[in-house]
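Chemist: Work out the full structure: start from the sequences and follow the hints.
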Amino acid sequence: MTGSNGSTAVSDQPALPKPEGLEGVVAASTALSHVFGEEGKLVYRGFDIHELAGKASFEEVAYLLWMGQLPTRGELADLLQRLGEQRPLPTQVIDVIRDLPATAAPMDALRTGVSALGASDAGQFDDVPDLDEAISLTAKFPGILAAFFRLRQGLEPVSPRSEHNTAQSYLYQLFGREPEEKHWRPSEVYLTLLADHGMNASTFTARVIASTGSDLCSAITGAVGALKGPLHGGAPSKVLDMLEDIGSAENVDRWLTEALDRGDRLMGFGHRVYKAEDPRAEILRGMAAEASTPDFFELSRRTEERALAMLQERKPDRRLYTNVEFYSAAVLSAVGLPGDMFTPTFAVSRVAGWTAHVLEQMSNNRLIRPQSEFVGPMDKKFVAIEQR
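Per my numbering, the very first residue in the sequence shown carries number 1269; after that it's consecutive.
To be clear, the hints were calculated from the coordinates, so they are not data collected in a lab. What you are looking at is a predicted structure, and each value in this text was computed from that prediction instead of being measured. Using N, Cα and C, we set each Cβ at its ideal position, and we do this for glycine too. No false leads were mixed into what you were given.
In silico BS3-like cross-links for lysine-lysine, where the CA-CA straight-line distance does not exceed 25 Å:
| hint | residue 1 | residue 2 |
| --- | --- | --- |
| 1 | 1323 | 1309 |
| 2 | 1543 | 1309 |
| 3 | 1543 | 1506 |
| 4 | 1543 | 1583 |
| 5 | 1450 | 1323 |
| 6 | 1583 | 1309 |
| 7 | 1506 | 1496 |
| 8 | 1583 | 1506 |
Restraint ranges, calculated between C-beta atoms of paired labels, are given here:
| hint | residue 1 | residue 2 | range |
| --- | --- | --- | --- |
| 9 | 1635 | 1566 | 49 to 55 Å |
| 10 | 1497 | 1306 | 22 to 28 Å |
| 11 | 1586 | 1318 | 22 to 28 Å |
| 12 | 1566 | 1353 | 42 to 48 Å |
Modeler: Given below as structure tokens:
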């Protein structure tokens, strides 16, 4: 407050805690999806995720996110046709992927491929982002990853088949054979579950870039970079590492006890937002039971049960539950993917949500420009280099 002499009085009110990591700060309004962390609930455009997973196709969910409603039969057929037509990659993009070392991380290959797509003659991502571009990017993500996956093994990329849906096309382009239903159906449920998830780090990144007036490829390239981080999308492969290290259901108690005694973090448990079981984990548990071998599912189930019990015993003040990464590892490994392809496959799904958020941002855009608290020094004086 200002005193009678114009000076500013120091308030005796305690300073408010700073929202580190923007926790609790509302950065945008969205109608796309919302995470109800206390309840363990995820909603897409008004639909509880349980209403969609295993019932709606990935393409129906993508249409829902982009358009705000589920498609009619004719609209879905049109979208499937457009996705099929847009899947082939420009030659320039395949050449860029071909030049990457086989030792490159698949997430780096995806980021590079998306960036190359924006710079290619066939990219055409230099205008205001629109639905056509969103469909094109969503169609091409599986091909970028599959091309790198094969090239690093000394195999040539496989051309997509237009009659495939997204899950079928991804597996077909990866392995060069018609995917079995027991593999592509769990993959499709996975894609449906991961398509959007509120204002997560990669989605926020995409919206920030889009808010500057940049193009869609730039926004999505940035989102891929954010998803690569182990604090965001990098955990499923670590779950697989953990399960493979445990080895069998008989070793679970000993392994978990030793890990917790060392202070190690158990992968696949706990979430920044959910304070109840992640609903996606619940659904993927059922998919893992169908897709995994009996021994691997028994190992996964036993590890989950004992980990939750031990965490509750040792950390009773923390609400730690199974998150989506835990059973993602079981589902993705069951369809033949190595651990380093788990997070990139996450991106094959999430690109639908990222592009939907960019379109929503541009529908009522304002540059995202938060303030920061300056904590550096003031009033320094320059000294000529001869006198330093």
